[in-house]
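Visitor: Sequences listed follow chains A and B, in order.
Note that the first sequence covers residues 34 to 673 in my numbering.
Note that the second sequence covers residues 34 to 673 in my numbering.
All clues given are correct.
It does not matter which identical chain is used: a pair holds within one copy or between any two.
Dumping the calculated DSSO-like pairs for lysine-lysine here, alpha-carbon to alpha-carbon at most 30 Å:
no., residue 1, residue 2
1, Lys591, Lys536
2, Lys419, Lys435
3, Lys616, Lys590
4, Lys449, Lys282
5, Lys536, Lys491
6, Lys449, Lys419
7, Lys196, Lys449
8, Lys532, Lys397
9, Lys536, Lys590
10, Lys673, Lys150
11, Lys265, Lys196
12, Lys132, Lys87
13, Lys591, Lys616
14, Lys591, Lys449
15, Lys532, Lys491
16, Lys449, Lys590
17, Lys265, Lys449
18, Lys270, Lys449
These aren't lab readings, by the way, just hints derived from the structure by calculation.
None of the values given here were measured: they were computed from a predicted structure.
Chain residues, written in single-letter form:
There are 2 protein chains.
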Amino acid sequence: MVFGNMGPTSGTGVAFTRNPATGENVLYGEYLMNAQGEDVVAGIRTPEPIVHLKDELPEIYAEFRRAAELLEEHYRELQDIEFTVQEGKLYILQTRSGKRTAAAAVKVAVDLVREGKISKEEALLRVDPGQLVQLMHRRIDPDAEIEVLATGLPASPGAATGKVVFTADEAEMRGNNGEAVILVRTETTPDDIHGLIPARGVLTSRGGMTSHAAVVARGMGKPAVCGCETIKIDAEKELFIVDGKTVRKDDLITIDGATGHVIMGAAPMIEPELTGDFETILSWADEVRTLGVRANADYPRDAIQARQFGAAGIGLCRTEHMFMEPLRLPIVQEMILADTPEGRRESLARLLPIQEEDFYGVLKAMAGYPVTIRLLDPPLHEFLPKAEELLVEITELRVTQKDPARLEELQDLLRKVRSLTEFNPMLGHRGCRLGVSFPDVYEMQARAIFAAVSRLVKEGVEVYPEIMIPLVGIPAELEMMRALVVGVAEEIMQRDGIKFDYKVGTMIELPRACLVADRIAEQADFFSFGTNDLTQTTFGFSRDDAESKFLPVYLEKKVLQENPFAVLDEEGMGQLITTAVEKGRSVNLQLHIGICGEHGGDPESIDFCHRAGFDYVSCSSFRVPIARLAAARAELLHRK
Amino acid sequence: MVFGNMGPTSGTGVAFTRNPATGENVLYGEYLMNAQGEDVVAGIRTPEPIVHLKDELPEIYAEFRRAAELLEEHYRELQDIEFTVQEGKLYILQTRSGKRTAAAAVKVAVDLVREGKISKEEALLRVDPGQLVQLMHRRIDPDAEIEVLATGLPASPGAATGKVVFTADEAEMRGNNGEAVILVRTETTPDDIHGLIPARGVLTSRGGMTSHAAVVARGMGKPAVCGCETIKIDAEKELFIVDGKTVRKDDLITIDGATGHVIMGAAPMIEPELTGDFETILSWADEVRTLGVRANADYPRDAIQARQFGAAGIGLCRTEHMFMEPLRLPIVQEMILADTPEGRRESLARLLPIQEEDFYGVLKAMAGYPVTIRLLDPPLHEFLPKAEELLVEITELRVTQKDPARLEELQDLLRKVRSLTEFNPMLGHRGCRLGVSFPDVYEMQARAIFAAVSRLVKEGVEVYPEIMIPLVGIPAELEMMRALVVGVAEEIMQRDGIKFDYKVGTMIELPRACLVADRIAEQADFFSFGTNDLTQTTFGFSRDDAESKFLPVYLEKKVLQENPFAVLDEEGMGQLITTAVEKGRSVNLQLHIGICGEHGGDPESIDFCHRAGFDYVSCSSFRVPIARLAAARAELLHRK
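Taking the hints into account, I'd like the entire structure generated from these sequences.
Guide: Set out below in structure tokens:
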């Protein structure tokens with residue numbers, strides 16, 4: 034605000050044409066009567082709400098209303114207006130489009146369309162999809178009475194409540210026992226990772242938006258408030274002091290990573306949902322966009338949620354989470370540890386009906402829409418106990434000589450675990466490499482999928498299964514795995530005297546897959562870009578290591594402008610993707626192309642996918658609305 | 034041999050125009066007098082050396098000599114001739130170019146040039162560079178009397194002598210204590226890796242050229258004889274039986290991975306060297322080739338060896354091995370574990386003079402030629418004790434409660450080790466990422482290099498230092514590291530009142546580096562392709578894990594035709610390299626381009642490097658002669 038040397042005024046202030054917090058269509062702002070410019074700037078006097086002007090200077094208020102309407106009419110957007118009144122005359126000092134919350138942006142855009150001031154297309158361009166992230170996280174009920182203890186940087190969105198703990202070790206122990214804890218540290222380092230994982234959220238008193246805690250929390254999708262310098266942590270005494278108040282270990286606090294607020298106690302939360310105006314704008318987005326939007330979902334409940342948010346199918350259904358569930362894990366371990374092919378087959382036979390139920394549920398929940406099921410991807414050692422844990426138990430038993438039988442058993446297990454352990458599991462024996470080495474595992478999964486499909490078809494449910502082979506880099510890998518899947522499908526069709534459609538395709542997540550995409554496309558009905566792994570291999574970054582170790586330094590020193598795991602690296606990796614799309618379509622015009630990496634929910638990356646000629650993006654359920662809007666904007670921005 | 038129904042013969046046999054083992058220019062072969070065709074085929078009678086024919090049928094012998102000369106004259110290559118003598122008449126049944134040893138191939142080619150039968154260029158094309166590998170490994174003295182116990186597959190070239198051990202654990206323990214052991218197993222699995230590393234060689238009774246042992250041994254450059262089915266191993270009793278003989282644990286044997294021989298006792302060895310004919314053919318290669326050949330060498334002694342084999346410079350001098358040496362490792366560990374920047378700088382100051390001596394030695398040994406020094410590349414945790422080892426000691430101390438002080442100390446160390454441990458070290462905090470995070474480490478190295486350069490220049494020694502920044506994938510990384518190196522160079526020049534030339538360049542070993550090579554080239558005087566890491570990231574293969582786990586399966590099932598770590602993957606990775614060369618030269622015409630990955634010593638890969646327009650290849654010293662020949666052949670084959 035530049036008030037300059039205007040002398041005494043009878044009134045001066047700032048007002049929005051609509052409420053920038055809610056989008057409500059009422060004048061919103063404040064003013065000072067008889068103020069010097071300096072008073073306003075110095076903040077000595079408390080200004081009054083703009084509605085009071087109606088009583089004090091009714092004519093001026095009416096004139097300002099008309100001016101505000103006129104300005105909004107002209108700029109066709111919510112205006113943020115500075116004004117002054119001198120000697121009974123209203124002066125408009127400045128006007129500009131007003132900053133507003135995501136909710137307000139949506140409401141204003143929809144209202145402006147209803148008022149005939151802008152078109153639907155303009156409305157879509159007025160709402161920043163990135164800002165909508167605010168609406169898609171659990172947040173604190175805005176109507177709740179809360180006590181804000183302090184405000185730090187809104188480092189990773191979402192709100193979380195938990196008991197305060199001051200060490201990563203304690204966060205790990207109690208978090209893994211199911212307790213809700215918030216880890217409070219001056220700052221975090223890679224030493225704290227084990228405590229960050231099970232904590233509900235993290236609060237630091239030092240560090241910025243690219244500090245270790247901030248980057249790691251965003252990577253984990255976990256709420257974080259960072260650099261909250263007003264809290265003074267005394268880790269020895271296990272407490273922090275803020276504004277004279279003392280918060281001790283085990284006290285309950287709530288942090289809001291969207292606002293940076295730290296709140297005493299458990300604040301009431303609101304789960305994200307689509308409001309009426311949000312629904313409206315998304316329906317307009319759906320009319321415009323050419324890019325499909327699917328969700329990544331592993332369970333029937335996720336599939337139902339995804340449908341509610343408007344996902345037209347599942348782009349990635351991971352099967353490894355199903356393997357990890359408590360009742361199944363022992364069978365999976367048996368399968369891995371089996372000494373003979375027969376032993377392995379026996380365990381697989383026990384997994385088959387369980388997997389069939391999994392797929393039955395997901396396919397049914399997504400009836401009428403495609404479901405892309407990825408066959409087992411992670412290395413087998415992920416399902417076994419960790420060598421370090423075994424080693425501790427073995428050493429104890431060895432030293433105490435308590436239980437020689439158990440010792441021998443554990444030593445055997447350790448040997449097996451060691452034989453499966455890898456130096457770089459990310460680049461190891463996983464994905465279709467497992468399928469090539471142990472075809473019976475993939476065969477069981479294919480059998481479970483097609484048995485479920487067969488049942489659903491008989492029940493009259495419309496299903497579109499797509500079997501996805503992970504980590505293909507060599508055409509022969511896909512050729513071999515496709516033959517295996519097709520063989521099982523034909524067997525089930527014959528067994529059940531039935532016909533069903535299905536697709537077989539592949540993740541494109543290795544540089545080499547992009548480079549030989551033409552030869553791979555000969556075997557594929559679809560490509561789905563796994564941009565997480567493709568980022569890892571293109572950059573040579575292990576995400577787990579990079580985000581906790583050097584990426585914060587890279588962002589701080591501006592070696593990189595963005596975290597490439599959040600925003601797709603168009604300059605580098607984009608070239609590989611474009612090559613793959615061109616090569617793939619050059620031999621297979623029908624090739625369906627999508628993305629199932631995390632970038633599928635990032636607006637900038639979606640814009641790239643649109644330009645690269647993708648058919649769809651797939652992202653986590655909560656990102657589906659964002660993706661729908663981003664896809665529409667991409668279409669509008671690049672329409673020729 | 035097709036002898037058909039020719040009736041009785043007065044003589045029949047096979048002869049080479051020259052000795053196929055040594056290349057000596059004398060008729061070499063054998064015949065049977067008065068033989069039926071069947072006798073020859075059945076092998077009932079022992080044939081006689083061809084020279085005896087001179088006495089028995091002098092005219093026939095003379096005629097055969099003339100025929101042999103004529104045939105060789107015509108085909109201009111050593112001939113392998115089948116003949117028969119019937120009713121006093123010589124019949125030549127068949128002739129073809131003869132298979133011969135590497136040594137013979139070299140001698141024959143050189144002799145044929147001397148005899149005016151072929152040109153030097155033809156001679157170069159007659160010798161298969163791949164075959165020369167035989168000559169460049171330590172081998173058993175051919176004049177020695179040896180007792181061949183058994184013959185298996187020549188799975189990985191080179192010869193080794195050691196005591197027989199039957200378990201990987203024993204091989205590890207004794208091998209690490211400096212004992213020479215040969216690991217003898219029915220077959221190896223990933224469980225045995227820890228024993229393969231310190232063993233001198235490996236002998237298996239089962240498995241082919243792509244078995245686990247064979248692939249791993251070739252990867253490690255370690256002699257291996259595989260699938261030696263005549264030895265019967267009894268691991269329980271710690272012995273193997275072959276031909277009725279018993280070989281027990283601790284007995285000394287020698288294996289020859291070039292011939293597949295297993296020999297009792299220590300066979301006398303010959304170190305590889307360049308013979309006169311070999312030297313001759315290489316000098317012709319040098320006249321023809323356009324591709325430079327350098328060696329990878331880390332120490333002065335390696336540099337001297339490399340010069341003897343004809344390397345015109347060092348393409349890769351790794352500095353991490355220098356850090357690993359026993360006397361230095363404690364200082365390096367101190368540096369890593371330092372709690373403060375001052376502590377780190379203090380340790381670095383102690384390393385500085387040591388590193389300066391390292392570089393002084395290498396640069397002096399390569400006087401007159403370029404030396405490419407790569408700054409520190411591996412992740413820091415490689416220099417610390419392993420977490421697992423610490424954990425065992427900690428658990429022991431905890432259970433026994435013997436030494437609480439030591440326990441606490443180790444727990445502290447473990448915390449630090451854990452904080453540096455990575456999920457995928459290959460893709461972690463290493464290469465220039467260390468330089469960006471801890472600039473003082475790279476600064477120390479640059480200072481050590483330029484201090485050595487300065488001394489050498491003053492001593493009148495001609496030096497061409499090239500500082501290489503590893504693992505660049507982002508132009509800003511190189512920009513930052515180049516500025517650091519240039520800053521130190523200028524400081525030293527000013528300090529010592531001297532001028533010297535140097536280059537700053539980068540490894541190209543990440544897909545992204547290839548994709549943005551134009552922007553990287555703006556900061557680089559040279560590119561050196563690190564094709565080991567580039568293969569790892571392009572395929573998404575961790576070499577350590579792939580070669581011990583799924584690559585053998587891939588080769589066996591023909592998913593891949595070749596191990597991409599041995600032969601450069603032209604179809605996939607080749608595209609990235611070509612892109613990088615084109616993009617790099619598009620902005621920097623002077624850009625010097627080489628390769629320092631293992632592929633730099635593989636003839637097929639060298640052919641690719643030639644076609645891709647490289648300036649030089651760099652490989653291990655023993656591969657330098659092979660590379661010189663392969664480079665000449667590439668030039669001849671693709672000359673326009």
